[in-house]
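Visitor: Turn these sequences into a full structure, and let the hints steer you where they fit.
Each chain, letter by letter, is given below.
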Amino acid sequence: MTTEASGPEFVGIAADANLLQSLQHLVATDPDRVIAVARRGDDLVDWTAKQTAEQVRAVAKGLVARGVEPGERVALMSHTRLEWMLADLAIMSAGAVTVPVYETSSAEQLAWILEDSGAVVAIVENDDLRALLDTVRDRAPSCRDAFTIEPTGDVPGLDRLVELGAQVADEDIDRRIAALGPADLATIIYTSGTTGRPKGCMLTHRNLCANVAQVVDAIGGEIVPDDRGLLFLPLAHSLTKGTLLFCLETGVPVGFTSDIAHLPEELAVVRPSVIAAVPRIFEKVHNSAHHNAHSTRKGPIFDRAESVAVRWSKEHHDDKVQPWTAAEHWVFERLVYTKLRQALGGEMRLAFSGGGPLGVRLTHFFDGAGVCIYEGYGLTETSPTLTINRPGAWRPGSVGRPVAGTTIRIADDGEILAKGPQVFDGYWHNPTATAEVIDDDGWFHTGDIGKLDDQGFLRITGRKKELLVTAAGKNVAPAPLEDRLRAHPLVSQAVVLGDQRPFIAALITIDDEAFTGWAQEHGLAGASVGDAVNHAELRATIAEAVADANTSVSRAESIREFVILPRDLTIDADELTPTLKVRRATVLSRYEAAIGSIYGA
Amino acid sequence: MAEITEVSVPDAEVVTLADGGRILVRSLLPSDRDELAERYLELSPEARRLRFFNAPDHLSERLLDYLMDVDGPDRCAVVAFAIDDDGTPGVGVARYVRSREDPDCAEAAVTVLDRYQNRGIATTLLHQLADHARADGISTFTASVMWENRKLLDGLRAFGAEVAPSEPGVASVRIALPAPDVVLPETDLRRALRIFAARVDEMIGLRFER
Chain L
0 MTTEASGPEF
10 VGIAADANLL
20 QSLQHLVATD
30 PDRVIAVARR
40 GDDLVDWTAK
50 QTAEQVRAVA
60 KGLVARGVEP
70 GERVALMSHT
80 RLEWMLADLA
90 IMSAGAVTVP
100 VYETSSAEQL
110 AWILEDSGAV
120 VAIVENDDLR
130 ALLDTVRDRA
140 PSCRDAFTIE
150 PTGDVPGLDR
160 LVELGAQVAD
170 EDIDRRIAAL
180 GPADLATIIY
190 TSGTTGRPKG
200 CMLTHRNLCA
210 NVAQVVDAIG
220 GEIVPDDRGL
230 LFLPLAHSLT
240 KGTLLFCLET
250 GVPVGFTSDI
260 AHLPEELAVV
270 RPSVIAAVPR
280 IFEKVHNSAH
290 HNAHSTRKGP
300 IFDRAESVAV
310 RWSKEHHDDK
320 VQPWTAAEHW
330 VFERLVYTKL
340 RQALGGEMRL
350 AFSGGGPLGV
360 RLTHFFDGAG
370 VCIYEGYGLT
380 ETSPTLTINR
390 PGAWRPGSVG
400 RPVAGTTIRI
410 ADDGEILAKG
420 PQVFDGYWHN
430 PTATAEVIDD
440 DGWFHTGDIG
450 KLDDQGFLRI
460 TGRKKELLVT
470 AAGKNVAPAP
480 LEDRLRAHPL
490 VSQAVVLGDQ
500 RPFIAALITI
510 DDEAFTGWAQ
520 EHGLAGASVG
530 DAVNHAELRA
540 TIAEAVADAN
550 TSVSRAESIR
560 EFVILPRDLT
570 IDADELTPTL
580 KVRRATVLSR
590 YEAAIGSIYG
600 A
Chain X
0 MAEITEVSVP
10 DAEVVTLADG
20 GRILVRSLLP
30 SDRDELAERY
40 LELSPEARRL
50 RFFNAPDHLS
60 ERLLDYLMDV
70 DGPDRCAVVA
80 FAIDDDGTPG
90 VGVARYVRSR
100 EDPDCAEAAV
110 TVLDRYQNRG
120 IATTLLHQLA
130 DHARADGIST
140 FTASVMWENR
150 KLLDGLRAFG
160 AEVAPSEPGV
170 ASVRIALPAP
180 DVVLPETDLR
190 RALRIFAARV
200 DEMIGLRFER
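Residue numbers (numbering that gives the first Met the number 0), protein chains in the order written: chain L, 0 to 600; chain X, 0 to 209.
If you're looking for bench data, these hints aren't it; they were derived computationally from the structure. Keep in mind that a hint or two might mislead.
Covered by chain X, according to a simulated footprint, are these stretches of chain L (three or more residues, beta-carbon under 8 Å) [claimed, not checked]:
| no. | stretch |
| --- | --- |
| 1 | 461 to 467 |
| 2 | 484 to 496 |
| 3 | 502 to 512 |
| 4 | 564 to 578 |
Note that beta-carbon positions come from the ideal geometry of N, C-alpha and C, so glycine has one too.
Guide: Now the structure itself:
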């Protein structure tokens with residue numbers, strides 16, 4: 000087994016590179032090229048490179064008029080939409096640093112991010128987020144201005160910012176852009192650790208420009224002139240942001256939506272050929288096709304088509320498709336695969352997957368059905384891409400080989416270490432946390448555990464951090480939530496779960512001693528916890544504890560469902576080690592049925 | 000804690016720490032029950048988390064029953080008292096529980112109050128614990144250790160421990176205790192155990208810097 004693998008040689012980035020050059024280049028060479036499509040009601044409105052650059056400049060001038068200086072931070076809290084990109088590019092054009100905030104963040108998180116980053120201006124999407132912002136303004140004294148993307152009434156909107164900027168000369172913005180170099184900060188993205196407050200990952204123009212170039216090196220050759228992208232995950236997530244930058248660099252027009260519930264309709268309208276998604280999206284597409292087929296008595300056909308797709312993909316991968324497989328594949332291509340691709344808009348060619356493990360069978364299934372999914376790996380701290388599968392170097396179950404200029408090493412304990420120009424310099428104002436992840440030899444410690452095969456493909460096998468990663472790719476630390484739950488007198492143990500699940504849930508055990516008293520007060524004297532797990536008042540009481548724990552986190556991290564277990568965790572059931580340490584994996588498998596009911600499995 | 004000064008317990012031993020402080024180390028006795036419950040409340044949340052992973056905010060009677068049940072050849076616990084301090088508080092406990100599947104193995108764990116950490120108390124406790132273990136025919140300690148205790152794991156590795164990934168956040172550690180009949184100079188064994196225990200001290204305790 001190999002312990003180190005490197006990507007191809009990296010040509011590097013220009014000495015004066017910055018993230019605005021992709022757009023500048025398009026404006027100079029192909030100003031009328033459509034680079035974005037925005038939804039306006041049922042219509043799609045094209046945005047050319049020139050229009051985009053003009054709007055970005057106008058907003059940037061407004062920021063300059065409001066006194067934003069190079070290097071200062073501007074918070075951006077919005078769903079995925081065109082204006083997110085415009086605001087981000089405008090902030091950087093003013094020489095400032097974008098601090099994205101998940102639109103689902105709690106007041107506590109927003110306050111911390113504003114306070115820690117020292118953001119001087121906040122751009123928020125709508126009145127609700129503006130109201131949330133106003134509740135924490137006193138904790139973020141540096142934040143002197145706020146502008147709303149979709150304002151109502153007299154609330155200042157982006158148009159107000161544009162008005163304010165009218166007095167600023169275009170050349171001021173040109174100068175600020177020209178002054179931006181690779182070493183300058185482009186963004187600070189906050190990520191959750193296992194304990195403590197979120198930490199701000201500082202990503203420079205170098206980090207992000209290098210990563211765009213690395214991904215273009217790996218996969219840019221697949222891009223054709225008619226390609227279109229669709230972004231639908233939060234742009235505060237580094238995978239989505241990276242995809243946006245990739246599309247800007249390669250001139251692929253992008254559409255935006257945040258309405259995951261209506262993703263099928265959105266796919267049908269935009270008909271993207273390029274997307275980046277978390278595995279859950281692909282699972283959903285598969286599951287709904289499976290469900291639809293079975294509910295219309297075409298189940299057996301679908302199942303056969305699925306196994307043929309998987310077989311065809313495996314044989315094709317080994318370059319030995321059997322004649323019978325080819326024949327069956329040909330038949331199902333017409334019967335089934337076309338329809339599946341229609342569900343994805345009909346044009347999908349390049350799909351990137353990250354943020355969690357993509358099932359091997361699912362990967363082969365989609366490949367056999369005509370959609371090749373390229374799974375990659377990286378972290379916010381690595382801009383994000385470290386490794387990626389690519390045409391000609393595609394191995395389902397792996398996250399691919401290192402991208403150019405990147406070395407992956409497996410430490411003695413199995414931890415994945417990385418070096419490359421996309422690896423960040425550190426956490427904002429937190430040298431202690433930085434020292435914990437970048438060692439003296441410059442290796443970044445990912446906190447994930449993995450293996451390299453002899454061809455340099457990386458496989459992720461475990462995690463050193465006590466973190467859950469939801470199906471949406473959101474990192475959630477269970478320990479702080481569990482601590483808050485256990486603070487309730489009736490709760491003895493709490494096990495927060497949700498790894499690769501659509502949302503976070505909790506298993507809760509009841510303290511026997513406290514329960515006795517509670518039961519008496521509630522007319523259940525003599526009852527056992529097991530008798531009362533579904534008792535409405537007990538559930539209501541525990542729901543309060545859950546609601547209290549949830550105040551500390553964003554909606555994406557909050558506990559949506561809980562199950563009260565009939566008994567405490569025990570050593571006899573192997574849920575605790577002999578020295579009373581909780582074995583999460585055992586607890587989860589023991590209560591598989593209860594967990595299945597939470598997630599509707 | 001009058002009973003500790005009686006030193007009627009056969010294995011009681013007064014140990015002088017590197018900083019000159021003294022502790023008394025002995026087997027856990029039934030009379031220590033209240034002390035254990037009270038001192039648990041003094042542990043920092045982080046110390047509790049690293050010890051239990053998902054720690055209760057107090058030790059219930061049932062947990063105490065379990066933790067106090069150390070009679071017989073399968074369970075053992077040793078405690079340390081700071082005999083120079085007011086009230087001679089109990090400041091640390093180390094224990095093992097023999098594996099049901101593999102009687103040559105025992106799972107070990109140790110806890111020291113935050114403010115007494117980094118003084119070699121866990122080391123001392125583990126010395127005694129390992130002595131008991133070998134006398135009871137145990138050849139291997141296992142432990143579940145959070146990966147965030149990087150120093151501990153490095154130290155354990157230096158001692159030859161096998162460290163393997165377990166569930167997210169957790170490393171599973173195996174460390175061979177030399178058999179009592181192996182001819183190994185006592186000094187080497189002691190030294191090795193001291194290294195082992197010192198690392199454990201760093202980990203468990205969590206905030207050792209005084």
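Visitor: Failing hints, ascending?
Guide: none
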